[in-house]
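Spelled out, the chains give:
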Amino acid sequence: MRRTITILLTVLVLSLPIAEATAAVETTKKKVIVVTKRFTGSAFEAGRWGTLQVTITVRKTTTITGTKRKVERKLTAVSVPTYPDHTDRSVYINSQALPILKSEALRAQSASIDMVSGATDSSEAFAESLQSAILKAKKA
Amino acid sequence: MSAVLAARPGVCRVEHVMGMPIVADVRDAIPADALDDVFDWFRWVDATFSTYKPGSEVSRIASGDLAIEDAHPDVRAVLDRCEELRGQTGGYFDAHAGGTLDPSGLVKGWSVDRAAEMLQTGGLRNFALNAGGDMRLSGRAVPEFTWRVGIQHPLDRTEVAAVIEARELAVATSGAYARGDHVLDPHTRRPPEGVLSVTVVGPDLATADAYATAAFAMGRLDGPRWTARLRGYEAMTILADETVLSTGGFPHG
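One line per chain: the protein sequences are A and B, in this order.
Numbering (my numbering) for the first sequence: 500 to 639.
Numbering (my numbering) for the second sequence: 108 to 360.
Because the hints were derived from the structure by calculation, they are not lab data.
Each residue gets a CB set at the ideal place from its N, CA and C atoms; glycine is no exception.
Careful: at least some of the hints might be erroneous.
[Claimed, not checked] Okay, the calculated beta carbon distance ranges per label pair:
| hint | chain 1 | residue 1 | chain 2 | residue 2 | range |
| --- | --- | --- | --- | --- | --- |
| 1 | B | Pro-161 | A | Lys-569 | 48 to 56 Å |
| 2 | A | Thr-561 | B | Ala-139 | 48 to 56 Å |
| 3 | B | Gly-198 | A | Glu-571 | 48 to 56 Å |
| 4 | B | Glu-300 | A | Arg-568 | 53 to 61 Å |
| 5 | B | Pro-250 | A | Thr-560 | 15 to 23 Å |
| 6 | B | Gly-162 | A | Val-570 | 45 to 53 Å |
| 7 | A | Arg-568 | B | Thr-350 | 48 to 56 Å |
| 8 | A | Lys-536 | B | Asp-177 | 51 to 59 Å |
| 9 | A | Thr-539 | B | Arg-336 | 43 to 51 Å |
| 10 | A | Arg-568 | B | Pro-138 | 17 to 25 Å |
| 11 | A | Arg-537 | B | Gly-230 | 31 to 39 Å |
| 12 | A | Gly-565 | B | Pro-250 | 22 to 30 Å |
| 13 | A | Lys-569 | B | Ala-136 | 17 to 25 Å |
| 14 | B | Pro-250 | A | Arg-558 | 15 to 23 Å |
[Stated by the list, open to error] Some chain B residues close to chain A (C-beta under 10 Å, calculated; not the full set):
| hint | residue |
| --- | --- |
| 15 | Asp-172 |
| 16 | Arg-255 |
| 17 | Gly-257 |
| 18 | Pro-261 |
| 19 | Ala-268 |
| 20 | Gly-282 |
[What the hints assert, rightly or not] Only some residues are given here: those of chain B computed to face chain A with a beta carbon under 7 Å:
| hint | residue |
| --- | --- |
| 21 | Ala-248 |
| 22 | Trp-254 |
| 23 | Ile-258 |
| 24 | Gln-259 |
| 25 | Val-278 |
| 26 | Ser-353 |
Can you build the whole structure from these sequences, using the hints too?
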């Protein structure tokens, strides 16, 4: 019985500073900054189809709590300002493939896939331009 | 491709070499220039092995200007390995399938394997090297505990047909949808029927890539049967009716 009380007291003593700490966090000022920016990746040769370039829109949320700073970036849109269109075939491929590739980039993010195995000429250039746009976004 | 933007340690670099994007995604804390040697290596491989550059050693061997005995030791090693794999695959992996010497099917994986060794010798543990959709994984995708690789669905590119979760692994996919019908059955000189893609995983990317090419060329009956007998390598075959056949140890996520 005595032991149980000791343990209870210990728990109580230990929990006191934690409760104080929690209260301290709640009273500290919290500041949230949201910035949306566009980043354009390098232009890449999409094999024999021509040049392809990708622009991404990234929403950067900076949460400052006391001295703590948390940065979250979210990919909100992918667009293709320059894409291969110098042959009839590549126009066809782009009209078919690029909207799909865009949704794939957004989906890959939600599925948290690190890499994709098996790709076409056009999607390789797409991935590359996307990757360089993401690298720019991460440095910003 | 990596579309995850959360802050994490490491460096991700992508360059267009050997006619394809090469992505180095390193999850160890390293200086930005730590990958210079690896990309210099890929450029050297391109200059030496390219079939598009008339001055490359491979082009000069193909045209008869350079004897194999006089070629760089790495060139001789790659051509020897091509011959070994031609034997192992019953001629379905063949560096002469197109009529002239073209070891590109092995060079890609071989150069990535060597680059992975360079990074490991340099003390790196957690990285992925992806050359045009074929890759070597090492360690884990810090902060995650594994690497997650999506296998593109050959008919619907909005879908991944499967997800692999792995740490140390090479992943190669061969299919009709990559660069058009570029894989031919060397015996018939026609694309195989009834198979959409073959993914092979194992310790070595050069071998995995050659096995994937060979199994794809073998077609829908012999390909899966052949992959079932491989040692140390696992395979997933997607048939034209979207049936997915996997060997027992394939690392489905």
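Each hint, compared with the structure:
no., hint, verdict
1, Pro-161/B with Lys-569/A: 48 to 56 Å, "55 Å, holds"
2, Thr-561/A with Ala-139/B: 48 to 56 Å, "23 Å, violated"
3, Gly-198/B with Glu-571/A: 48 to 56 Å, "54 Å, holds"
4, Glu-300/B with Arg-568/A: 53 to 61 Å, "58 Å, holds"
5, Pro-250/B with Thr-560/A: 15 to 23 Å, "19 Å, holds"
6, Gly-162/B with Val-570/A: 45 to 53 Å, "48 Å, holds"
7, Arg-568/A with Thr-350/B: 48 to 56 Å, "51 Å, holds"
8, Lys-536/A with Asp-177/B: 51 to 59 Å, "55 Å, holds"
9, Thr-539/A with Arg-336/B: 43 to 51 Å, "49 Å, holds"
10, Arg-568/A with Pro-138/B: 17 to 25 Å, "23 Å, holds"
11, Arg-537/A with Gly-230/B: 31 to 39 Å, "37 Å, holds"
12, Gly-565/A with Pro-250/B: 22 to 30 Å, "23 Å, holds"
13, Lys-569/A with Ala-136/B: 17 to 25 Å, "19 Å, holds"
14, Pro-250/B with Arg-558/A: 15 to 23 Å, "21 Å, holds"
15, Asp-172, "27 Å, violated"
16, Arg-255, "5 Å, holds"
17, Gly-257, "4 Å, holds"
18, Pro-261, "7 Å, holds"
19, Ala-268, "9 Å, holds"
20, Gly-282, "6 Å, holds"
21, Ala-248, "5 Å, holds"
22, Trp-254, "5 Å, holds"
23, Ile-258, "5 Å, holds"
24, Gln-259, "4 Å, holds"
25, Val-278, "5 Å, holds"
26, Ser-353, "14 Å, violated"
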